[in-house]
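**Q** Protein chains in written order, with this note's numbering: chain A, 2 to 155; chain B, 815 to 1514.
Hint data in this document are derived by calculation from the structure and do not stem from the laboratory.
Each residue gets a CB set at the ideal place from its N, CA and C atoms; glycine is no exception.
Hints are supplied without guarantee of correctness; some may be wrong.
Result set (SDA-like, lysine to any residue): computed pairs, CA atoms no more than 25 Å apart in a straight line [to be verified]:
{"no.": "1", "chain 1": "B", "residue 1": "K1250", "chain 2": "B", "residue 2": "D1294"}
{"no.": "2", "chain 1": "B", "residue 1": "K1025", "chain 2": "A", "residue 2": "F8"}
{"no.": "3", "chain 1": "B", "residue 1": "K1025", "chain 2": "A", "residue 2": "D31"}
{"no.": "4", "chain 1": "B", "residue 1": "K1025", "chain 2": "A", "residue 2": "T5"}
{"no.": "5", "chain 1": "B", "residue 1": "K1250", "chain 2": "B", "residue 2": "E1277"}
Some chain B residues well away from chain A (every beta-carbon gap over 12 Å; in silico) [stated by the list, open to error]:
{"no.": "6", "residue": "D909"}
{"no.": "7", "residue": "Q988"}
{"no.": "8", "residue": "R992"}
{"no.": "9", "residue": "F1006"}
{"no.": "10", "residue": "M1037"}
{"no.": "11", "residue": "H1111"}
{"no.": "12", "residue": "G1122"}
{"no.": "13", "residue": "T1138"}
{"no.": "14", "residue": "G1258"}
{"no.": "15", "residue": "I1328"}
{"no.": "16", "residue": "D1355"}
{"no.": "17", "residue": "G1425"}
{"no.": "18", "residue": "I1480"}
Quick partial rundown of chain B residues pointing at chain A, CB under 8 Å, derived from the structure [said to hold, decoys possible]:
{"no.": "19", "residue": "D1081"}
{"no.": "20", "residue": "R1082"}
{"no.": "21", "residue": "G1420"}
{"no.": "22", "residue": "M1431"}
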Amino acid sequence: MRETIRFRLNGRETTLETEGTRMLLWVLRDDLELTGTKYGCGISECGACTVLVNGEPVRSCLYPVSQIQGAEVLTIEGLASGDDLHPLQEEFAERGAFQCGFCTPGMLMEAYSLLQKNPRPTRSEILSGMNGNLCRCGAHKRIVEAIEAAAQRL
Amino acid sequence: MKRNDLGPMAVDRRDFLKFTGGGIAVAIMLKDASPLSEAMAQQRGYPADFNAYVLVGEDGRVTVFSGKIEMGQGVETSQAQMAAEELRVSLDSVDMVLGDTDLCPWDAGTWGSLTTRVFGPALRAGCAKAREVLLDLASERLGVPLARLQVENGVVSADGEGGRVTYAELAKGQRIERTLDREAVLRAVNEFTLMGTSPRRLDRVEKVTGKARYAGDIRLPGMLRARILRPPAHGATLTSVDTSAAEAVPGVVVVNEGGMVAVLHEDRETADRALGLLRAEFQVPEPTVDHETIWDHLVAAAPTGRTGEEAGDLAVGERASTKTFEHTYYDHYVAHAPIEPHTSLAHREGDRITVWSSTQSPFGDQGRIARTLGIDQAQVRVITPYVGGGFGGKASGGQAVEAAQLAWLTGRPVQVMWTREEEFFYDTFHSAAVVKIRSGLDAGGRVQLWDYHVYMAGTRGAEVLYEVPNAAVVSHSSNDAHPFATGPWRGPGANTNIFARESQIDIMAADAGIDPLEFRLRNATDSRVRNTLEAVAKLADWRPGPAPSGRGLGIACGLDAGTYVAHVAEVSVDRATGSVRVERMWCAQEMGVVVNPEGATMQMEGCITMGLGYALMEHIRFRGGDILDRNFNTYRIPGFQDLPEIHTVLVPNDDLTPQGGGEPAIVCIGATIANAIFDACGARMFTMPFTPERVRAAMA
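One chain only, chain A, in its complex shape:
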């Protein structure tokens, strides 16, 4: 059923007319052209599609768009303020906490949420908090270090 969905996307009021059962991932990528959010597995196992809904990380590949009615949605495209990168983005960039970069948007969104809830995580809290996000290149060591460095700055 087509619904009118009003929500805030990266701080801007947005209105969509679409089927409420569609998954947020495809609405973001195909309707709204926000292609930073990636498809990786389609079953909430890899985290490449992670975005924040009302501050909570969700796997947008299995998140019906009807559920964002009235919500605040933050994607990778909304993490920087203009040209000013978020400290997490700066630390990822400076420390080479990415390789192919395909999992990176999801990693950043998950890490952003982690630091929002726990501004001074221990290493073991970072490892468990990030464990649902897969990286095949093996950038894990630098991702952990980048999150620790960003936490120091926030």
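With the hints as your guide, set chain B onto chain A.
**A** Below, chain B alone, put in the same frame as chain A:
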């Protein structure tokens, strides 16, 4: 950081056709704008003409062309460093164009850790030649002899009052039709200002902001998303299909041609639904082999071996040995599992087709597409945006051919983005394999006999490595023995072979009561092996002692892509569950001249982390042609909680040209962990991965 899939480049702006779709502009450059001549594009070797590699724009920006692709390994940056070093321009002035078959010099594919060691010299030579030609032009322009000229940051200046001129003023954005009457000498290591340094990666901002474009992120007006009917198992044949329900869905286009049945729609989820409406029947062959019986099958199916490395006489080695050891090692099929599934977008314009593809082999895809469509290669352009991981798995181009066929037939731009399930199903897995070794040791702890047979893993990594007077390495390989496709997987074959060799070496060391490092040094004469082993021992503060010591320390070494590596692992083994945790991992790598030490280190770290997977948890389960693991819910890859502490060191060797870096540090991971497990609890692992069940069984 400029990319060929993103907006106009400074090559020839007149020839751009511009499509805009929803805010993302895609520029397509016509063939005749190419800096490559047609003849050169047909050539299958690296061109001698420096114009193939570099173009200096009127604005002073330097565009560097390479047929290699960026899939995370950092070669966009390292190639820019090599080019800028030889050209004497700043790194900031370089724009890289990678993997575009219309613009870049031909390349077979980005694999085998070949970019730096094999393409690197060609790129550097081309850029050095360009530098010398520009110096000749400057000499003429300024009326000053070459000996009085120097160049820095793309500005040629003469000493005294001789004046100055920029590369931009000399080249004016044009091909330079000029030959060089002298050798263009590459810059020496002691002259390097960019090579050997670690600038930040050129792709860093795009990749942390979500702006980096992958094949699935390209948009064209009117594009269709395709879903393709797949068989339930490899080897299955389609016996009937009813497409009527799918055809009834508004906007759905159905293609049923030449064995391919596809449903297409502008909206991916509608295409997904339409796929579910196809009524298809397949004939599936009875499975004859599965993941438990595969090794017997492979050994039975293996042809008579081909002997490679050979020394002395095995019978003599037998007599010289006081004790012989005979063991068999097993390895499973392993998936590449890049986080980006295979994706392509194809766009037909008249008799030409352009395909944006996540591929390690744009020129290979170009040829496959041309053959499939029955057109000339020159009618096909493949453009490679950033690739979301490859590891050897994005070399066969299946999705590119599918997208091209569908775009050719429908006349609309078509995106094929494999689902994760398709990604697993059509993966060209790391081959299951068997290695049988019979070795012998004399009373002095020296290896006298090495009788080595490898089935299906090939000879990469199968070198004896140690000084063994009587040795034979025999490879039994066949591509037809597998129930599905196999192919190169980061360090192909070497992961298997080195697991077997370094385990066998460890078994002999333990039997002789000799510390495993000391045993290796006693049997190795190659100075690069010894230097690397000594470097990792120092890094890990190795305390000698025969295994099993209970400490959980293992060591192994290997050679891959011209690079020597040695690792030490520290593991803990839960004796009740058999579960293994790698606590720390040390790695020393000697790779000749290092172009980008930080980049090389990132590859070492990546290799170690990815290697934990094949060593501890990854294997594809299957029944005949049916792949049972098709997503990350049952196929587990290493995650953050598996991450050990990682320490690395690069062993200097500036006497050797740059060697491979993308794969070497993964090849010892299985062996190092196996040896560490033995040291921890006395259980010897002969089958990868070392799952808790296998470790429990080995302890019993």
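**Q** For each hint, tell me whether it holds in the structure or not.
**A** Okay, the hints, checked on the actual structure:
Distance restraint check for K1250 (chain B) and D1294 (chain B): the Cα-Cα separation of roughly 21 Å lies within the 25 Å cut-off, and the hinted pair is therefore satisfied. For the hint linking K1025 (chain B) to F8 (chain A), the alpha-carbon distance of about 23 Å falls within 25 Å, and the restraint holds. About 15 Å separates the Cα atoms of K1025 (chain B) and D31 (chain A), which keeps this hinted pair within 25 Å; it holds. Restraint check for K1025 (chain B) and T5 (chain A): not satisfied, since their Cα atoms lie roughly 28 Å apart, outside the 25 Å limit.
A C-alpha spacing of about 14 Å is found between K1250 (chain B) and E1277 (chain B), which places the hinted pair at or below 25 Å, so the restraint holds. No beta-carbon of chain A is positioned within 12 Å of the beta-carbon of D909 (chain B); the least distance is around 18 Å. Its beta-carbon lying about 34 Å from the closest one in chain A, Q988 (chain B) satisfies the requirement of being farther than 12 Å from that chain. Remark: the non-interface label on R992 (chain B) is consistent with the geometry, its nearest Cβ contact in chain A lying 39 Å away (cut-off 12 Å).
Its beta-carbon lying about 21 Å from the closest one in chain A, F1006 (chain B) satisfies the requirement of being farther than 12 Å from that chain. With a cut of 12 Å on Cβ distances, M1037 (chain B) falls inside the contact zone with chain A, its closest approach being about 10 Å. Residue-level check passed: H1111 (chain B) sits 29 Å from the nearest beta carbon of chain A, beyond 12 Å. The beta carbon of G1122 (chain B) sits about 31 Å from the closest Cβ of chain A, which is more than 12 Å, so the claim that it is off the interface holds.
Distance to chain A confirms T1138 (chain B) as a non-interface residue, since its nearest Cβ pair spans about 39 Å, more than 12 Å. A cut-off of 12 Å between C-beta atoms confirms that G1258 (chain B) is not in contact with chain A; the least separation is 41 Å. Distance check for I1328 (chain B) against chain A: the nearest CB is about 33 Å away, which clears 12 Å, and the non-interface claim stands. With 12 Å as the threshold on Cβ separation, the claim that D1355 (chain B) sits away from chain A holds: the shortest Cβ distance comes to roughly 20 Å.
Not every CB of chain A lies more than 12 Å from the CB of G1425 (chain B), the least distance being 8 Å, so the non-interface label is violated. Chain A draws I1480 (chain B) into its interface by the beta-carbon criterion, the shortest separation being 9 Å against a cut-off of 12 Å. Annotation: interface hint on D1081 (chain B) holds; nearest CB of chain A at approximately 7 Å, less than 8 Å. For R1082 (chain B), the interface hint holds, since its Cβ comes within 8 Å of a Cβ in chain A; the closest pair sits about 6 Å apart.
Hint status for G1420 (chain B): holds, given a least beta-carbon distance of 3 Å to chain A, under 8 Å. Nearest Cβ of chain A to the Cβ of M1431 (chain B): about 13 Å, over the 8 Å cut. The hint is violated.
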